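Q: From just these sequences and the hints, can you work out the full model?
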Amino acid sequence: MRLLNLLKIAFKAIVLNKVRTLLTMLGIIIGVAAVIAMLAIGEGSKESIRSTISSMGSNMITIRPGTDDRGPARGSGGDVQTLTLDNYEVIKEKASLLDYVTPVVNGGGQVINGANNWPSTIYGVNPDYLNIKVVGLKSGSMFTDAEVRSASKVVVLGQTVVDNIFPDGQDPVGQMIRFNNIPFKVIGVLEEKGENTFGQDQDDIVIAPFTTVQKRILAIDYLNQIVASAVSEDAAPDAVIEVTDILRSEHKLLDNEEDDFTVRSMEELISTFSSTSEMLTILLVAVASISLLIGGIGIMNIMYVSVKERTKEVGLRMAVGGKTADIMMQFLIEAIMISVTGGVIGVALGLGATFFIEKFLHWPTSVALYSIIISFAVCAVTGIFFGWYPAKKAAALDPITALRYE
Amino acid sequence: MSKEIIKIQDLKRDFTMGTETVHALRGVSFTIEEGEFVTIMGSSGSGKSTLLNILGCLDQPTSGSYELDGVSVKELNKNELATIRNEKIGFIFQSYNLLARTSAIENVELPLLYNSKVSTEERRERAIKALEMVGLAERLHHTPSQLSGGQQQRVAIARSLVNNPVMILADEATGNLDTRTSYEIMSLFQELNEKGITITFVTHEPDIATFSSRTIVLKDGNILKDYLNDDIQSAAKELAALPVEDH
Ligand SMILES: Nc1ncnc2c1ncn2[C@@H]1O[C@H](COP(=O)(O)OP(=O)(O)O)[C@@H](O)[C@H]1O
Ligand SMILES: [Mg+2]
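Those protein sequence lines, which keep their order, are chains A and B.
Using full-length UniProt numbering, the letters of the first sequence map in sequence onto residues 1 to 406.
Using full-length UniProt numbering, the letters of the second sequence map in sequence onto residues 1 to 247.
Since the hints were derived computationally from the structure, they do not count as laboratory data.
Owing to the predicted nature of the structure, the values given are computational and were not obtained by experimental measurement.
We put the CB at the ideal spot given by N, CA and C, even for glycine.
Incorrect hints may have been included.
What the hints assert, rightly or not - The following residues of chain B were derived to be distant from chain A, with all beta-carbon distances above 12 Å:
#1 Lys12
#2 Ile32
#3 Ser63
#4 Gly64
#5 Tyr66
#6 Glu80
#7 Val166
#8 Thr181
#9 Asp230
#10 Ala240
Said to hold, decoys possible - Computed list of lysine-lysine pairs in DSS-like fashion (alpha-carbon distance at most 30 Å, straight line):
#11 A:Lys308 with A:Lys393
#12 B:Lys117 with A:Lys392
#13 A:Lys323 with B:Lys74
#14 B:Lys88 with A:Lys323
#15 B:Lys195 with B:Lys237
#16 A:Lys12 with B:Lys88
#17 B:Lys117 with A:Lys8
#18 A:Lys392 with A:Lys323
#19 A:Lys8 with B:Lys129
#20 B:Lys129 with A:Lys308
#21 B:Lys78 with A:Lys323
#22 B:Lys74 with A:Lys392
#23 A:Lys323 with B:Lys237
#24 A:Lys392 with B:Lys88
#25 B:Lys117 with A:Lys393
#26 A:Lys323 with B:Lys219
#27 B:Lys88 with A:Lys312
#28 A:Lys12 with B:Lys129
#29 A:Lys12 with A:Lys252
#30 B:Lys74 with B:Lys237
#31 B:Lys195 with B:Lys7
#32 A:Lys393 with B:Lys88
#33 B:Lys12 with A:Lys393
#34 B:Lys88 with A:Lys8
#35 A:Lys312 with B:Lys3
#36 B:Lys78 with A:Lys392
#37 B:Lys12 with A:Lys92
#38 A:Lys185 with A:Lys138
#39 A:Lys323 with B:Lys117
A: In structure tokens form, the structure reads like this:
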């Protein structure tokens, strides 16, 4: 029999049982919609992590004390004190693949302006910091190298800090504030960066010369981090190797000794996060696939019912000349049509859901074309797989037995 | 002598049900020639349907030979049998067996769907012609539930005619119909027979047999009588003689 005729017969059977077919499709619809939406969310968060991290400076290289703990966001390396100012100076002098380098010391405390106070973190850095982090100033100016050398008590504030200690909206530049009771003069305000993907407020920050923070606030002589930027994104991996070599010889490590510091480029950080979100995506897709499987079983069930209640019809079709393959194809195509139609509706629903998630929940999403193609393929395969056995059963019927079936 | 359409020899059909064996046919032989109108009579359970199903290639005999239009049916596989049923046989059932919620024309088209030599346009044309022949030109798009029993059987007859079969087999085709409608159907069969179509008609009503040219009577799976009818009645005349119903 011609394919077009088979399609017509299958279409008719489906149309004659609209409600039942729709209920059967529901499993497939939900399964496909879930797969599409889950993949879109997974893909979206991956992209957003990537863009957040690159906005933090894609050339950035972070050097922290202590061995590699593979924990992506482990603050300052705890109490390990293997990074020193000397290390910083040697890196600055010797590393050829770095543009900017700054020592980083940081600590928490209260920022106070009169009656207003706000808990925040102070970062002691040098003026290169702004270039490394790719952040500009909204007003005022950055402190100078001279101010670093003289350990001046000047700060640049993030917008969140400004909003909280200058609630009246007055210009903070030129004002005196205190951090942990030490007076500082505000000389600038950073451009707003907003929240990053990890939910951190990047504007809740106070920047001061590292000398000042080291001596007057933290009273330490080591560094929490050294942050640098490679000459280009491509040079970052080589820069990591270069810095590692410099530090290993600086720390006089033997060949069999492990690094007592960790050097990471942003690229590595991105891949760490991507793999986490990839795992999440796999998990979500697995859950969605189970729903697809259940949908497939639903199809099998309904195809059994369909074959059973149309036994007489099968008998008649055989009596007027329907061959085994004709009967088989009829039910198989019906099953495929149900599952693929379910797939189409599911894709539409999944795209709709994705749109709403993006629009109203403000989650980042990104629909991958491959997820749609895979969904369709899976639907067709589901139809064939779960329609096969019932179709075969119909085709194996004996015409007389089938005709007599009540 | 004209062409032999059906030639059966010592046909037997046993049904095994658990430990019991039912001998539905115990050795039946006869020949039907082209253009004959044969009725097969016999009481209920005498093996009429079993015989007709074998003649219609829907069922296989336990033993004995069956030649249909010169082809030995025993040699054929399932798909070849389907092709024979499709191209050579028109089968009519007591319970019409129309597809529900499907228009008359689509029901009639059904056998041609399984014949890839027939194009879509030709299929439609032939279905319309068949329905015209049975007097249902005005009912092409009615579904079975919108048709009377007699009309449904006419659709079934049109379906059996549509692929120009060498013979039509009917199993109690008038069994569910009242006398008037039965006579209408029989006069239709007589018309078709006059056009040269071989008809084998199973019935247990003696008056129906009077419209045929030959009668084979079965009893317990054996042929009891096989005789030519030399006083064939015209169903059309009988129909005219029936008392007019008031409406
Ligand atoms: N599929 C079957 N299985 C078992 N017995 C059957 C089957 N078909 C017919 N028979 C038996 O064969 C005999 C003849 O049946 P059938 O040909 O239907 O008679 P008729 O049509 O003359 O009334 C009956 O005794 C019936 O019970
Ligand atoms: Mg019978």
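Q: Give a verdict on every hint.
A: We went through each hint and held it up to the structure:
Residue-level check passed: Lys12 (chain B) sits 17 Å from the nearest beta carbon of chain A, beyond 12 Å. Every CB of chain A is more than 12 Å from the CB of Ile32 (chain B) (nearest about 20 Å), matching its label as outside the interface. Residue placement check: Ser63 (chain B) keeps its beta carbon more than 12 Å from all beta carbons of chain A (closest about 18 Å). The non-interface label for Gly64 (chain B) is consistent with chain A: the shortest C-beta to C-beta separation is roughly 18 Å, beyond 12 Å.
At roughly 15 Å, the least C-beta separation between Tyr66 (chain B) and chain A is larger than 12 Å, which holds for a residue marked as non-interface. The claim that Glu80 (chain B) is not at the interface with chain A is violated, since a C-beta of that chain comes within 12 Å of its own (minimum 9 Å). Listed as outside the interface, Val166 (chain B) is consistent with that label: its C-beta sits roughly 14 Å from the nearest C-beta of chain A, beyond the 12 Å cut-off. At roughly 22 Å, the least C-beta separation between Thr181 (chain B) and chain A is larger than 12 Å, which holds for a residue marked as non-interface.
With a least CB separation of 34 Å from chain A, Asp230 (chain B) remains clear of the 12 Å interface cut-off, as annotated. At the 12 Å boundary, the C-beta of Ala240 (chain B) stays outside the reach of chain A, the nearest C-beta of that chain being 34 Å off. Of the pairs offered as hints, the one joining Lys308 (chain A) and Lys393 (chain A) holds, with about 9 Å between alpha carbons and a cut-off of 30 Å not exceeded. For the given pair, Lys117 (chain B) sits about 26 Å from Lys392 (chain A) by alpha-carbon distance, which is consistent with the 30 Å threshold.
For a cut-off of 30 Å, the pair hint linking Lys323 (chain A) to Lys74 (chain B) stands: about 18 Å separates their Cα positions. For the proposed pair Lys88 (chain B) and Lys323 (chain A), the alpha carbon gap of about 15 Å is at most 30 Å, so the pair holds. For the proposed pair Lys195 (chain B) and Lys237 (chain B), the alpha carbon gap of about 18 Å is at most 30 Å, so the pair holds. Between Lys12 (chain A) and Lys88 (chain B) the CA atoms are separated by roughly 28 Å; this keeps the pair inside 30 Å, and the hint holds.
Using a Cα cut-off of 30 Å, the hinted pair Lys117 (chain B) and Lys8 (chain A) holds, with the two alpha carbons roughly 18 Å apart. A distance of roughly 12 Å separates the Cα atoms of Lys392 (chain A) and Lys323 (chain A); the hinted pair therefore holds under the 30 Å criterion. In summary, the hint linking Lys8 (chain A) to Lys129 (chain B) is supported, as the alpha carbons are separated by about 23 Å, within the 30 Å threshold. Using a Cα cut-off of 30 Å, the hinted pair Lys129 (chain B) and Lys308 (chain A) is violated, with the two alpha carbons roughly 34 Å apart.
Between Lys78 (chain B) and Lys323 (chain A), the direct Cα distance comes to roughly 8 Å. Compliance with the 30 Å bound is thereby established for this hinted pair. Between Lys74 (chain B) and Lys392 (chain A) the alpha-carbon distance is near 25 Å, which keeps this suggested pair within the 30 Å criterion. As the CA atoms of Lys323 (chain A) and Lys237 (chain B) are separated by approximately 42 Å, the hinted pair breaks the 30 Å bound. A distance of roughly 27 Å separates the Cα atoms of Lys392 (chain A) and Lys88 (chain B); the hinted pair therefore holds under the 30 Å criterion.
Between Lys117 (chain B) and Lys393 (chain A) the alpha-carbon distance is near 28 Å, which keeps this suggested pair within the 30 Å criterion. For the given pair, Lys323 (chain A) sits about 34 Å from Lys219 (chain B) by alpha-carbon distance, which is inconsistent with the 30 Å threshold. With a CA separation close to 22 Å, the supplied pair Lys88 (chain B) and Lys312 (chain A) stays within the 30 Å bound. Restraint check for Lys12 (chain A) and Lys129 (chain B): satisfied, since their Cα atoms lie roughly 24 Å apart, inside the 30 Å limit.
The straight-line distance between the Cα atoms of Lys12 (chain A) and Lys252 (chain A) is roughly 81 Å, outside the 30 Å bound, and the hint therefore fails. At most 30 Å may separate the alpha-carbon atoms for a hinted pair to count; Lys74 (chain B) and Lys237 (chain B) exceed this at roughly 42 Å. Pair hint Lys195 (chain B) plus Lys7 (chain B) holds up; C-alpha atoms about 22 Å apart against a cutoff of 30 Å. For a cut-off of 30 Å, the pair hint linking Lys393 (chain A) to Lys88 (chain B) stands: about 27 Å separates their Cα positions.
Note on Lys12 (chain B) and Lys393 (chain A): the hinted pairing holds, with a Cα-Cα distance of about 29 Å set against a maximum of 30 Å. Distance hint between Lys88 (chain B) and Lys8 (chain A) is fulfilled; the C-alpha atoms sit about 26 Å from each other, no more than 30 Å. Only pairs whose Cα atoms come within 30 Å are accepted, and Lys312 (chain A) paired with Lys3 (chain B) is rejected, the gap being roughly 35 Å. Simply put, Lys78 (chain B) and Lys392 (chain A) have alpha-carbon atoms about 15 Å apart, close enough for the 30 Å limit, and the pair holds.
The hinted pair formed by Lys12 (chain B) and Lys92 (chain A) fails the criterion: a straight-line CA distance of about 106 Å is larger than 30 Å. Only pairs whose Cα atoms come within 30 Å are accepted, and Lys185 (chain A) paired with Lys138 (chain A) is accepted, the gap being roughly 17 Å. Between Lys323 (chain A) and Lys117 (chain B) the CA atoms are separated by roughly 15 Å; this keeps the pair inside 30 Å, and the hint holds.
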